[in-house]
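Following the hints, position chain Y against chain U.
Protein chains: 2
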Amino acid sequence: MDVVLLGSGNVATHLAKAIKSAGHQIVQVYSRSINNAQILAKQVNARHTNDLRNIADADIFIISVSDDAIPQIVSQLNLQNKLTLHTSGSTDIAILNPVSKSIGVLYPLQSFSKQRTIDFKTIPIAVEGNSDKTTSEIEKFAFGLSRNVFRLNFAKRLALHVAAVFACNFTNHLYTLAEKILSKESLDFELLKPLIKETADRIKQYHPEDVQTGPAVRKDILTLSKHKEYLNDNAELNNLYTLLSQSIINLHYDN
Amino acid sequence: MDVVLLGSGNVATHLAKAIKSAGHQIVQVYSRSINNAQILAKQVNARHTNDLRNIADADIFIISVSDDAIPQIVSQLNLQNKLTLHTSGSTDIAILNPVSKSIGVLYPLQSFSKQRTIDFKTIPIAVEGNSDKTTSEIEKFAFGLSRNVFRLNFAKRLALHVAAVFACNFTNHLYTLAEKILSKESLDFELLKPLIKETADRIKQYHPEDVQTGPAVRKDILTLSKHKEYLNDNAELNNLYTLLSQSIINLHYDN
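Keeping their order, the protein sequence lines are chains U and Y. All you need for the working numbering is the position in the first sequence, starting with 1, plus 97. All you need for the working numbering is the position in the second sequence, starting with 1, plus 97.
In case anyone wonders, no lab produced these hints; they're calculated from the structure. Be a bit skeptical, because a hint or two may be false.
If chains are identical, the list can't say which one is meant, so a pair holds when it fits in one copy or spans any two.
Claimed, not checked - Under the rule of at most 25 Å between Cα atoms (straight-line distance), these lysine-lysine pairs were calculated in the PhoX-like manner:
#: 1; residue 1: Lys281; residue 2: Lys218
#: 2; residue 1: Lys211; residue 2: Lys290
#: 3; residue 1: Lys198; residue 2: Lys211
#: 4; residue 1: Lys211; residue 2: Lys179
#: 5; residue 1: Lys294; residue 2: Lys253
#: 6; residue 1: Lys301; residue 2: Lys277
#: 7; residue 1: Lys230; residue 2: Lys281
#: 8; residue 1: Lys218; residue 2: Lys117
Just so you know, these numbers come straight off a predicted model, no measurement behind them.
Next up, chain U with everything else stripped away, as it sits in the complex:
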């Protein structure tokens, strides 16, 4: 199939490569930034543009930009009956109504950073279409990209995205905060790596709630107060420490 990809960020980049690997043709990459459009287009042997009036013809049009940027693209695009998808976890399918009669969602649940190669075949992909026929088409296309494709309506997709923010984006930020705490004391982040690995590995086998460790779940008030005292000069870390510890206590002591 011929695909036009609108977007050049992390998701668009990883998706473009997966689409090409699945044997499809990316005919064109659009981006507001002609430079970014060109960089991605070059990697997948496609044409590029930064002008929505010059969008090429194709079988599938995939809008893979930040949620903020979808409305502007939609307002300038008329693709009639051509299958048009977005890749957003938190956007209703209906946003694409002005663009085409055949619309849907292809939401890959993974954290894409430019630096990392990811095996797309293992990534869960949530799909939704505005008709049974369209949903089947999207599903078929998605199964070319990944083994793990499932149908999901907007409410559940939104929940999945929110959960992913907690489990991935916030988790990575906690790693960053931990690194900052260490570097202030000239300690190496390497020290935490066995701990981070064990924490992630453990939940392959156990429910995270059942393997919670640390001072909060032990209600070790003395340690909690020492840690808060240590963080006393950093209001942000102190607030986070308090809120997360209280959340652990609330969950495990049912009050």
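Positioned in the frame of chain U, the structure of chain Y alone reads:
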């Protein structure tokens, strides 16, 4: 060496097995709960007691209980010159002054849950003694348990413990919260596992700050507001979402 272990929790349990594997003898396990003392003692072929007046003779005494419980043990123990250690990340070595003239800390930096077997040899162990001679003795003993032993004073050990709470305890709690969000929508936690794995794997290679993803680091205000609206009926999750997102924005946009 003959070791008396005071404590029967997760750290004490994993430590007892590692000590035995290193060729030492656990002569006695003490716990406030005679039942817990017996359970652990049985596993390492030791005697057990719940009476601090009946502590056996040994070469090393290791107090491995929650920080809250250390003072009570210390107040009832007089071991004169016998090497006495605690395993707490957040407790000053000086707490052991009333117990012995030869005191120190052996702080294994790992998250121990009863369910999991852990390769102790890879665990970073921070040691500290109240004299050079004592520190060397502790270091030697620790190197029998792990390849990764290093000296650390109290201020740095406390920072390490705080950082570990962020990187491990809080991270595991975020996994739990994500699981709760999914289960409310009848979605399977399995869906998040590739994402959790990638998030943890990625930092083996990259600095976490450099691979932050998600709506906050993109300043995708629309997605952030949709997520907060979704969490509107749960004040705790909503607060955590707001505070963590703001912390990401603060860190990455330097304001």
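Hints versus structure:
1. Lys281 with Lys218: This pair counts as neither: shortest intra-copy Cα distance 40 Å, inter-copy 28 Å.
2. Lys211 with Lys290: both (22 Å within a copy, 20 Å between copies)
3. Lys198 with Lys211: So Lys198 and Lys211 fail the 25 Å test inside a copy (33 Å) and across (56 Å) alike.
4. Lys211 with Lys179: neither (30 Å within a copy, 56 Å between copies)
5. Lys294 with Lys253: between (29 Å within a copy, 22 Å between copies)
6. Lys301 with Lys277: between (28 Å within a copy, 16 Å between copies)
7. Lys230 with Lys281: neither (57 Å within a copy, 29 Å between copies)
8. Lys218 with Lys117: This pair counts as within: shortest intra-copy Cα distance 13 Å, inter-copy 45 Å.
Taken one by one, the earlier hints fail for this structure at numbers 1, 3, 4 and 7, listed in ascending order.
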